[in-house]
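Protein chains in written order, with my numbering: chain A, 1 to 425; chain B, 1 to 425.
Just so you know, the hints here were simulated from the structure itself, not pulled from any lab data. Treat the hints with care, as some may be off.
[Claimed, not checked] With a Cα cut of at most 27 Å, we get these calculated DSSO-like pairs of lysine-lysine:
#1 K302(A) to K6(A)
#2 K73(A) to K9(B)
#3 K73(A) to K73(B)
#4 K75(B) to K69(A)
#5 K403(B) to K403(A)
#6 K26(A) to K392(A)
#7 K320(A) to K422(B)
#8 K302(B) to K320(B)
#9 K26(A) to K422(A)
#10 K323(B) to K6(A)
#11 K349(B) to K165(B)
#12 K9(A) to K75(B)
#13 K323(B) to K9(A)
#14 K75(B) to K73(A)
#15 K9(A) to K69(B)
#16 K69(A) to K6(B)
#17 K6(B) to K320(A)
#18 K422(A) to K392(A)
#19 K6(B) to K392(A)
#20 K6(A) to K320(B)
#21 K403(B) to K26(B)
#22 K302(A) to K165(A)
#23 K69(B) to K26(A)
#24 K193(B) to K215(B)
#25 K302(A) to K320(A)
#26 K73(B) to K75(A)
#27 K403(A) to K349(A)
2 protein chains.
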Amino acid sequence: MQVSTKPVKGTRDFDPIDAALREHVKDVILQSYRSFGFNQIETPVMENIDILQNAEGGENLSMLFKVLKRGEKLKLDGPIAHENDLVDYGLRFDLTLPLARFYANNHAHLPRPFKTIQMGYVWRAERSQKGRYRQFFQCDIDYLGTAAPSVEIELITASASTLTKLGFNDFTVRVNDRRILEALATHCGVADKDVAGVLVTLDKLDKIGVDGIVKELQKKQLSEQSIEKLTSFLNAYINGEVELGTIRSHISGIEEQVISELTQIINTADSLAKNQYQVAFDLSLVRGMGYYTGPIFEVASKEFGSSLAGGGRYDNMIGKFLKSTSVPACGFSIGFERILSILQDRNFKGDSVRTRSAILYDPRSTELPELFAKAASLRSAEHDVSLEIRQKNLKQQLEALKKVGVTQFCNFTEDASSLEFKALE
Amino acid sequence: MQVSTKPVKGTRDFDPIDAALREHVKDVILQSYRSFGFNQIETPVMENIDILQNAEGGENLSMLFKVLKRGEKLKLDGPIAHENDLVDYGLRFDLTLPLARFYANNHAHLPRPFKTIQMGYVWRAERSQKGRYRQFFQCDIDYLGTAAPSVEIELITASASTLTKLGFNDFTVRVNDRRILEALATHCGVADKDVAGVLVTLDKLDKIGVDGIVKELQKKQLSEQSIEKLTSFLNAYINGEVELGTIRSHISGIEEQVISELTQIINTADSLAKNQYQVAFDLSLVRGMGYYTGPIFEVASKEFGSSLAGGGRYDNMIGKFLKSTSVPACGFSIGFERILSILQDRNFKGDSVRTRSAILYDPRSTELPELFAKAASLRSAEHDVSLEIRQKNLKQQLEALKKVGVTQFCNFTEDASSLEFKALE
Chain A
1 MQVSTKPVKG
11 TRDFDPIDAA
21 LREHVKDVIL
31 QSYRSFGFNQ
41 IETPVMENID
51 ILQNAEGGEN
61 LSMLFKVLKR
71 GEKLKLDGPI
81 AHENDLVDYG
91 LRFDLTLPLA
101 RFYANNHAHL
111 PRPFKTIQMG
121 YVWRAERSQK
131 GRYRQFFQCD
141 IDYLGTAAPS
151 VEIELITASA
161 STLTKLGFND
171 FTVRVNDRRI
181 LEALATHCGV
191 ADKDVAGVLV
201 TLDKLDKIGV
211 DGIVKELQKK
221 QLSEQSIEKL
231 TSFLNAYING
241 EVELGTIRSH
251 ISGIEEQVIS
261 ELTQIINTAD
271 SLAKNQYQVA
281 FDLSLVRGMG
291 YYTGPIFEVA
301 SKEFGSSLAG
311 GGRYDNMIGK
321 FLKSTSVPAC
331 GFSIGFERIL
341 SILQDRNFKG
351 DSVRTRSAIL
361 YDPRSTELPE
371 LFAKAASLRS
381 AEHDVSLEIR
391 QKNLKQQLEA
401 LKKVGVTQFC
411 NFTEDASSLE
421 FKALE
Chain B
1 MQVSTKPVKG
11 TRDFDPIDAA
21 LREHVKDVIL
31 QSYRSFGFNQ
41 IETPVMENID
51 ILQNAEGGEN
61 LSMLFKVLKR
71 GEKLKLDGPI
81 AHENDLVDYG
91 LRFDLTLPLA
101 RFYANNHAHL
111 PRPFKTIQMG
121 YVWRAERSQK
131 GRYRQFFQCD
141 IDYLGTAAPS
151 VEIELITASA
161 STLTKLGFND
171 FTVRVNDRRI
181 LEALATHCGV
191 ADKDVAGVLV
201 TLDKLDKIGV
211 DGIVKELQKK
221 QLSEQSIEKL
231 TSFLNAYING
241 EVELGTIRSH
251 ISGIEEQVIS
261 ELTQIINTAD
271 SLAKNQYQVA
281 FDLSLVRGMG
291 YYTGPIFEVA
301 SKEFGSSLAG
311 GGRYDNMIGK
321 FLKSTSVPAC
331 GFSIGFERIL
341 SILQDRNFKG
351 DSVRTRSAIL
361 YDPRSTELPE
371 LFAKAASLRS
381 AEHDVSLEIR
391 QKNLKQQLEA
401 LKKVGVTQFC
411 NFTEDASSLE
421 FKALE
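Working from the sequences, and respecting the hints, build out all of it.
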C-alpha cells in the first residue's frame, strides 16, 4: 500500500504516555466540575450544515469541515452552483452552538437554571502552525437560564479551582464587562462600525502600551479627537486613577447595576480564591467573540504568555433557537490543549497511586493457568498487572514497558504462588 | 432561525442521565482493561480517504462519511469524474484501521508485543433502524506482535471479566477458528467463491437448525453433494459426536496445532472464568469480517439475543502498512451501545459512592461569600455540592435536580455554618 501512515494534517496520534496524561487531565476536570454540581451532556460531532452556517461563528465559518452528501442526494451531473449544494453536515467548530441546539431541544425536562459540562473534540481547518491543531479538545461549563451575578462567581471559582487541581497557581482571573467597553467606545466618540476594531487594539494594551495603541488606531484612521479621549482615559487607568468603583465618573452611560454586580463578582470570587490565585478587574480584557453581552473573563499567567481559560456572558445566543424565549447564559472554557502542552513541559504525572506491574513469562510454560489466576487475584483498582510474553532482549523490553508506565516487574519461571516484584528503575 | 434543533439523522444527544451512565461504563471498561496492562492510545476521527478506501472494510466502505476538500483544492468548474475527486478525508468506520496506521507509524518505540486499548466514536451511514446508529462508540483491545495462544486467553479473560464488572453473568464466550471453518467448507467440496456464502448460512445454525440451513443452501444453489456432506457433519455435531478433540477425524486438512492451541485457549480461559461465565467451542460461530485468520470469539447471552462483544485473530492486516513485516494481531471489541441499552433497561446505576447535594439559595442573599466558602469546604472526591438558585416552584426544581442525580438538598436561608441536608426522595 503506497499511502501515508501519518495522521491527517493538523491532527495527532496519541501514544500510551500522551493518552494516559490526556485521560488523567480530562478526569480531573470532569470530577472537579461535577463536584460543583455541573452535569455533563454530550452531542454528536456532526451538525446539520444549516445550523453551523447560520451561527455567529465569525471566522470559524471559513474553517468548516463539511461532509459530502451520500447516495441519491449527491447530484454531480449538472453544473454545481455552490459547494454547499454538495454537503449536508459539518463537524462542529465549538461546543456552544451544539449546546444551544441541545437546550432548545431538551429544555423542558432539564433543571432550570441548567449547569452543564461539555467535553469533546471540535474541528477547525486552521492554517497549520505550532500549537494550533485542526482537531482539538474543549472543556466547557455553561450556566443557562439565569442572570444573577452568583452565576459568574460560580463559573470563575469552579474553573480557577479546577486549574489549581492541575498544579496551576499564581494566575490571575482577569474580569471585564462588554458593556463597559462599549460605553468607553461611545464615550470616545467611536462610530458603531469602528467599535470592534478599536477593541481589538485595546486588547493589546499589556503588550504595546498606550503609545502602541495610539499608533495602531491612527493606522486604523480613527479620528484624532477619539484617539485623544481614549489616550487620556488609558493614561488615567494606568496611573491607577480609574478604579471599578469610580469608573462611572470617567465614562458616561454605564448603568450603576453593571458596576455593582461586577464588583460583587470580583470581590466574592477573589475572597474564595484564598490567595491561591487572584481575581481582578482588567479594563484591557476584550475577548474576541462578538456574542458576549456582559461580564467576560480570562485566566492569564505571566509564566505562560497565552491564556489558560476564558469565557463570559452571552445572553442572546441560546434563545435564538427557542424563537420567543430569551435565555441568559454564561460560560467558561478551559484551554485543554494549551494546558496539556504546559503539563507535558512540566513532566506532570498527576497523583496516581496506581501500581503497574509486569509479569514476564514464557508462553510455552505449563504453569499458565496458575500464573493467569494469580495475576487475576492481584488486580485491583490500585494495581494493574500486565502479563507480558518474554522477549529475547529483556533489557529493551523492560525499557519499553517502563516508558508506558510500568513501575515493577517479575520474571516468572515456575512458581506462581510466590511472585517477587522488582522496581523498574 | 428556521432550522431543526434535532441532532443529525441517526445520531443522538445525551442528557445528564445518559451522559453520566455512558461516562461510568467507559470508566469501568477503561480501568478494567488497564488493570490487565493494556495501554490506551488515541487517533484522530478523520483519516485520509486513501487509507479508508484501500481498507478491507467490506460494506463499511459504502457507508463512509467523506469530508469535502477546502479552498483551492476543491475544483467545481469542470465536470466531476467521481465524487472522490471532491474529498480528501473521511470519518473512521472502525478503530482497527486507525490502529494499523498508528502501529506502522509508531511501532519502533512501542513495547513488543503491544497491548492496546482504543475507545472512541466511529461513523457509518447505515440505514436508520432501531438500535443502529450512525455515530457509535467502540471499545477495543488489541494485542499486536505475537501469535501465542496466551494472547487469546488474555483477551477473552480481560473482556469477559470486564463484562462481569458491569453486572453481566451467565454468558458464554463462544470460540471457533476460521481455519476449521475453511477446512469444513473444503471438506464438503464447496468452491472457494462460495465459501463466504456458506459460512453466512452456517452462522444461523442456532436459529434455523439443520433443516433451515439445508433450505438456505439449496436456494444458494450449492451442489446436492456438498449439502449432503455438510448436513451429515452438522447432524453429528448436534448429536455431540463431534468434539474439538476429535474434529480432525471428521474433517481433513486441519493441522494438529490448530486444535491443540484452540483447546488450550478454551480450557484455560474457561478455568479462569470460575463459573461466572463459560468459555466453549462453538462450530457455528462464523463472525462476518473476512480478515480473520485464526481463532474467533463472541460473547453471547440467551437473555439478550444479540452479541455483547466479539473479536478474533487477524494476522494479515496490520502488516500491510509495514510493507515487508508481518504483524500477528488479535482483538476483542465490546459492543458499547448494545451494553448501554441493556444497562438502561436494567436501570443500572453503577456502584457510585458519591453524594450529590444541592444547596438552594436566594441570589440576593448577603451571605453569599460565606455560603460559597462553606460549599467549597464540603466538596471532595465523594461529595458533589451544587449551589442552585432557588426557583419559585420548589417542588418542580427538586424533581428536576433529582433526575440529574442529586441525592440530598438544603434550603439555605441565613446561616452557612450549619447547613442541614434532607434526603431527596
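Against the structure, the hints:
{"no.": "1", "hint": "K302(A) to K6(A)", "in the structure": "violated, 35 Å"}
{"no.": "2", "hint": "K73(A) to K9(B)", "in the structure": "holds, 14 Å"}
{"no.": "3", "hint": "K73(A) to K73(B)", "in the structure": "holds, 23 Å"}
{"no.": "4", "hint": "K75(B) to K69(A)", "in the structure": "holds, 17 Å"}
{"no.": "5", "hint": "K403(B) to K403(A)", "in the structure": "violated, 43 Å"}
{"no.": "6", "hint": "K26(A) to K392(A)", "in the structure": "violated, 38 Å"}
{"no.": "7", "hint": "K320(A) to K422(B)", "in the structure": "violated, 38 Å"}
{"no.": "8", "hint": "K302(B) to K320(B)", "in the structure": "violated, 38 Å"}
{"no.": "9", "hint": "K26(A) to K422(A)", "in the structure": "violated, 31 Å"}
{"no.": "10", "hint": "K323(B) to K6(A)", "in the structure": "holds, 15 Å"}
{"no.": "11", "hint": "K349(B) to K165(B)", "in the structure": "holds, 13 Å"}
{"no.": "12", "hint": "K9(A) to K75(B)", "in the structure": "holds, 20 Å"}
{"no.": "13", "hint": "K323(B) to K9(A)", "in the structure": "holds, 23 Å"}
{"no.": "14", "hint": "K75(B) to K73(A)", "in the structure": "holds, 20 Å"}
{"no.": "15", "hint": "K9(A) to K69(B)", "in the structure": "holds, 13 Å"}
{"no.": "16", "hint": "K69(A) to K6(B)", "in the structure": "holds, 18 Å"}
{"no.": "17", "hint": "K6(B) to K320(A)", "in the structure": "holds, 15 Å"}
{"no.": "18", "hint": "K422(A) to K392(A)", "in the structure": "holds, 19 Å"}
{"no.": "19", "hint": "K6(B) to K392(A)", "in the structure": "violated, 57 Å"}
{"no.": "20", "hint": "K6(A) to K320(B)", "in the structure": "holds, 15 Å"}
{"no.": "21", "hint": "K403(B) to K26(B)", "in the structure": "holds, 21 Å"}
{"no.": "22", "hint": "K302(A) to K165(A)", "in the structure": "holds, 19 Å"}
{"no.": "23", "hint": "K69(B) to K26(A)", "in the structure": "violated, 32 Å"}
{"no.": "24", "hint": "K193(B) to K215(B)", "in the structure": "holds, 20 Å"}
{"no.": "25", "hint": "K302(A) to K320(A)", "in the structure": "violated, 38 Å"}
{"no.": "26", "hint": "K73(B) to K75(A)", "in the structure": "holds, 20 Å"}
{"no.": "27", "hint": "K403(A) to K349(A)", "in the structure": "holds, 13 Å"}
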